Structure formats: C-alpha cells, structure tokens
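Chemist: Sequence:
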Amino acid sequence: MGQKTVRLTMAQALARFMTRQMTVIEGEKVPIFGGVFAIFGHGNVAGVGEALYAVRDELPTYRGQNEQGMAHAAIAFAKASFRRRFMAATTSIGPGALNMVTAAALAHVNRLPILLLPGDVFANRGPDPVLQQVENFGDGTVSANDCFRPVSRYFDRITRPEQIMPALRRAMEALTDPAECGPVTLSLCQDVQAEAYDYPESFFEEKVWRTRRVLPDADEFASAAVALQKAKKPVIIAGGGVLYSEASEALRTFAENHGLPVMETQAGKSSLPHDHYLNMGSVGVTGTSAANQLAEEADLVLAVGTRLQDFTTGSWALFRNEDLEIVGLNVQPFDAGKHGAMPLVGDARTTLEALDASLGGWLADQDWTDSALKGKAEWLEAAGRATAPTNELPSDAQVIGAVQRARDNSILVCAAGGLPGELHKLWQAKGPGSYHLEYGFSTMGYEIAGGLGVKLARPYDDVVVMVGDGSYMMLNSEIASSIMLGAKLTIVLLDNAGYGCINRLQMATGGANFNNLLKDTYHEVLPQIDFAAHAASMGAVAKKVASIAELEAALKETERETRTTVLVIDTDPLITTEAGGAWWDVAVPEVSDRKQVNAARKDYEQALKDQKHV
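Numbering that gives the first Met the number 0 numbers the first residue of the sequence shown as 0 and each following residue consecutively.
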C-alpha cells in the first residue's frame, strides 16, 4: 500500500506543519509557535498569506507596522518565554525582508529563536527581474535575502515545494537546540509558495519538542570541581543561560550551600532576586561597586551561561588577580572555552545540581563571603542616593527610582542607550524574567516592540517599557500594534533632547559636543517634539509630567488603565550614576589637534595596560 499523501501548496504545507509543533510548559502541552507576525506584499500575500488565513484559528497572525519592529516583538516573545516558545515573521521580498536583518542579527547575538520567512524572487525566473529584486551582475543566484546568511543559525532557500520538508525539520532542530538556538531563515521563492505537491501525511503528525539537558563530560566536570575546591576567592557570573535553563533555583541552592557571591550580566539579571544576600548585582562596565570589587580580586570565576562579552569583563581589564581561572559552564562549546576558560559544556541547571552534590560540604572562605556582604551593603546605600527623588531636572537614575517605587512588581523592558547601564546597576528585579534587556546587540528601537512581545508572552503581567527619546524616534510604530491587540504597555519616555548616552561617551573620550544632543547638531530650527501628542495620535493614553512626584503619581493612576500608556518626562542628559562601573575599551585617536583628545589618549594608553589577552 502506498504512502498516504495530501496535496497542498508549499505555503499551506508550511503553515500546517507549524500548527503541529508542540511543547510542554508546566506540564501542559501547548503550541510551540505563539503566532506569526506578518506584513504582506507581492512576495508573500498570495502564497503565505492565503495559507496563514486557513490556519488563523490555530496559528494567529498579527499585523505589524514595521518589519523590524514585528521581528523584535517576536524575538522578545521568545526571550520572555525562556526560549520554550517562539514566533515566526513573514515579509515580502526587498525592503520588507531587509528590514528584518537587524532583528535577525539581534536574535543571533542573543541566542534567541525566531523563524524568519521572507519572500524571495521567482525560482523559475520567468518575470526576472521582479519588482524589488536585487540583481547581481556576476551571480544570478543572489537575492537580497542572502543578507540573512551571516545572521542566521540555519538558512535555506526554497526553490521547489518538496524542499520545505527537510528545511522545516532542520529549522526546528536549530530553533529548539539550546546550543545552536537562534534565528532561522527560510527564504521562500514566491512562485514556489503557490506550487502544489503531494506531501506525505506523516509530515504533519504532531511532534512535541522538549528541553534537551546536556550533562557535562566526566573529565571536564572533575577538573571544574577540583578548581572550585582549590579557590580562595571564587565568584559566579550568571548569564542569560541561567534563565533559559530555568536554573535560578539551582543557582540559589549552589551559591547558598557553598557561600559564593553571584554577579549578573545584562541577560542574566533576575537570575536571583535583587534582595538575595549573595546577589552582588551587575558586573562589568555597568556593574555595581560590590560586584566589581569582587571581580577584581577573584581567583576563580564560574561563568554560567554567559558569552563573557566586553561589557561583562570591562574589556578584559576588570579581573586583576594573576592566578585567575575561569570555568566556562555553557551549553555551547564556543562560549564555554572563551578567553582560555576551562570548559564545562553542559546544561546550567543539571550541571549546577551535579556540582553541588559533588562538592558536598565545601565552603568558600568566610572572610571572602563576609567581604562580599559588606560591599553589597555599601552599594545599596550608594544606589539609594542615586535613585532618591529630586525637585530638579531628574537623572535617568531618579526616573528609575520613581518607576521602581510605583511599579515594583513589573517586568521592566529596555534596550540601548544610557538607560541599560543605569538599569543594570539600579533596577531591583524580583523574579526570573522580570528584567528584560536587549543589550547583546544594543539595538535602538527594540524597546516598544520588545515590550509588545513580552506582553504577548506574559499577558497577565504588568509590562513597563523605559525608552529614551532617540530610540523612540527610531521605532515607535508598534504602539499602534499594542493598541490593536489590546496588549497594554506602560511606556516611560525619558526626553533628554538627543542621544545623551553617546554624548557622554563623546565627552569622556575627549571629544567635542557634536551631533548627539539636538542643540549640538547642524540645524536651522530645533525640533519641538510633542511626544505625548504623538503617542496619543496612535491611540495611547499619553501625558507629559513635570517632575518625579508627578511621574510616580501618574504611574500609580494608570496602572489599571486598559490601553497602552505613554508618560513623558524631561531628563538631564549629563548626569549618570558615579558609583560602580568599570573601564570600557573605546579607542581614542592617537593624533589630534585638540588637547582634550590628547589627554584622553594618555588615560586610554594607561588603561590598556590592565587588559589581559589570552
């Protein structure tokens, strides 16, 4: 008897397959795809659009306002779901597709799953060149979608309808593998989307994808355990992998049982509650004084689920102990062995549990733990001063304090600029995932779209987005999407009249105030932007507040509001929290006619001497 088949277009097969992929969340089987974000054009409306219409009750399709924004929302959904669920995003060919490349890079850097489905040129080349086609004079196989190749974990171009079967299987493996996790791009030739094929019914059988938990190699595990037992000043750096492995409880138990101070990266913040006595807070360039002092002295760093990027390591000038050893506990070997680390390749949760059992009653020196607790107490005093209310033009830190006091149990969403540094130091995260920062790629414009994705993933949580005026101007259109979807966000917009963060960096490296704050740009008339009116025009409840006190009152008043709310407050572009922090390698010109640059270059050359190269 022959194989049973069903005749579908390639796009219909794609949509049906997606509806059959499941996962298990807290014991309940749920669809692994949370939906599809779509902006249709000639390259996907007739094929993918018609196919998604047929499954709209099983696989919801959401209309985005901007292709980059909708992909950001999809990525944020995956991050807020700890990578257990994810979404897809589809566009037409040309500018719509290329708008998603920035989002693809964001997902690639941050190891976050998203299925990207851009339309592509005609495989049969009949109408060649089709509208929006990019032509390469020397290569007839190239299209604009080749730009996705370096920022995709898996890339495929579907030029025949049957190719979608192996492509989707490979896509799902990449999307769900904790080590290879990241964006997948299936470039869909628009004529092939509409071509029919007799697909085997077995291809559409339900499949449940479960978390793979890799156990470490025995030799690596033994070496790591010995290194820990020998350490006099050990610390833990908790990265995003702690959250994605759902290892917060294992981390807490391990730290408590062995007296190890814990410090958090941007992606790892909220791994432990802010008020846990061993949580020293943020580490690195935007680190607390408590964490960074320990990092300077540490003779062993257990780096759990972190990429150890330059903001975490102070451009590799933070760690000063000549006897420092790094144990890289990571599910991805590429990350586990970075910077000469002793690799410990494995799942964060299962490996921490095994290490805890192996170490038995071993404890870090009490003097080391006591020193950590003293440093944390001193930091909390400094942080309290930075976030205290003011009657003057407020700093970012003072706005953070107001939001914390008014919305203490919210999920906080942010991305690029000066806010992430202040939030990394100062925000008091309560539970896993309550702090949602995109700082791996530091993408301006992620904030509002990301907030939408978080709200779709966690609809019953209060989601607060903090965004600067520069980032708001880059990408604010998903406010309209949040209104359409009834996905209420509270957006706190800090207006410092320009790119305040980069202006401060410019000044710190000896540069002149130039082209960052609006007043320092080439202009004939300075823009007078009414951000509250702009947000209101998209349907938001919007208000300009004049002080920290007014902001706190507005945050409390609008907490029960059912529509997205935008609260605008003017802030000082020059004030930043002085306590904490570490050096960051930003190259200063070696030759300049300006004495400020020359002085900054001398400081830079001195700082370079503390850098360690492995």
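It should be emphasised that the hints constitute simulated quantities derived from the structure, not laboratory data. These numbers come from a predicted model, not from an experiment. Incorrect hints may have been included.
Simulated restraints on C-beta separations [as the list claims (entries may be wrong)]:
| no. | residue 1 | residue 2 | range |
| --- | --- | --- | --- |
| 1 | Tyr-521 | Arg-19 | 50 to 58 angstroms |
| 2 | Val-5 | Phe-333 | 52 to 60 angstroms |
| 3 | Met-483 | Arg-559 | 41 to 49 angstroms |
| 4 | Glu-172 | Asp-274 | 38 to 46 angstroms |
| 5 | Trp-315 | Asp-127 | 46 to 54 angstroms |
| 6 | Asp-602 | Lys-555 | 52 to 60 angstroms |
| 7 | Asp-197 | Asp-309 | 48 to 56 angstroms |
| 8 | Phe-333 | Gln-228 | 46 to 54 angstroms |
| 9 | Gly-26 | Asp-274 | 52 to 60 angstroms |
| 10 | Asp-602 | Leu-392 | 27 to 35 angstroms |
| 11 | Leu-379 | Ala-548 | 34 to 42 angstroms |
| 12 | Gln-2 | His-41 | 33 to 41 angstroms |
The calculated lysine-lysine pairs, modelled on DSS-like cross-linking and capped at a C-alpha distance of 30 angstroms, are [what the hints assert, rightly or not]:
| no. | residue 1 | residue 2 |
| --- | --- | --- |
| 13 | Lys-611 | Lys-231 |
| 14 | Lys-543 | Lys-373 |
| 15 | Lys-3 | Lys-229 |
| 16 | Lys-555 | Lys-543 |
| 17 | Lys-518 | Lys-594 |
| 18 | Lys-608 | Lys-594 |
The C-beta atom is built at its ideal place from N, Cα and C for all residues, glycine as well.
Chemist: All the hints need checking, so say for each whether the structure fits it.
Modeler: Hints, one by one, checked against the model:
At roughly 56 angstroms, the beta carbons of Tyr-521 and Arg-19 sit within the given window of 50 to 58 angstroms. Judged by the Cβ atoms, the range 52 to 60 angstroms given for Val-5 and Phe-333 is violated: they are separated by roughly 40 angstroms. In this structure the supplied range 41 to 49 angstroms is violated for Met-483 paired with Arg-559, their Cβ-Cβ distance being about 21 angstroms. Here the CB-CB span from Glu-172 to Asp-274 is close to 40 angstroms, well matched to the stated 38 to 46 angstroms.
Range check, Trp-315 to Asp-127: Cβ separation about 50 angstroms, and the 46 to 54 angstroms hint holds. Asp-602 and Lys-555 have their C-beta atoms about 45 angstroms apart, which leaves the hinted 52 to 60 angstroms range violated. Checking the proposed 48 to 56 angstroms range against Asp-197 and Asp-309 shows it holds: the Cβ atoms sit about 53 angstroms from each other. Look at Phe-333 against Gln-228: about 27 angstroms separates their beta carbons, and that is not inside 46 to 54 angstroms.
With their beta carbons about 30 angstroms apart, Gly-26 and Asp-274 fall outside the hinted range of 52 to 60 angstroms. Range check, Asp-602 to Leu-392: about 29 angstroms between beta-carbon atoms, so the 27 to 35 angstroms window is met. Here the CB-CB span from Leu-379 to Ala-548 is close to 23 angstroms, at odds with the stated 34 to 42 angstroms. For Gln-2 paired with His-41, a C-beta distance near 35 angstroms keeps the hint of 33 to 41 angstroms intact.
With a C-alpha separation of about 21 angstroms, the suggested pairing of Lys-611 with Lys-231 holds against the 30 angstroms cut-off. The suggested pairing of Lys-543 with Lys-373 is violated, with an alpha-carbon distance near 41 angstroms, which exceeds 30 angstroms. A distance of roughly 63 angstroms separates the Cα atoms of Lys-3 and Lys-229; the hinted pair therefore is violated under the 30 angstroms criterion. Distance hint between Lys-555 and Lys-543 is fulfilled; the C-alpha atoms sit about 15 angstroms from each other, no more than 30 angstroms.
For the hint linking Lys-518 to Lys-594, the alpha-carbon distance of about 23 angstroms falls within 30 angstroms, and the restraint holds. Distance restraint check for Lys-608 and Lys-594: the Cα-Cα separation of roughly 22 angstroms lies within the 30 angstroms cut-off, and the hinted pair is therefore satisfied.
Comparing the model with each numbered hint stated earlier shows that hints 2, 3, 6, 8, 9, 11, 14, 15 do not hold.
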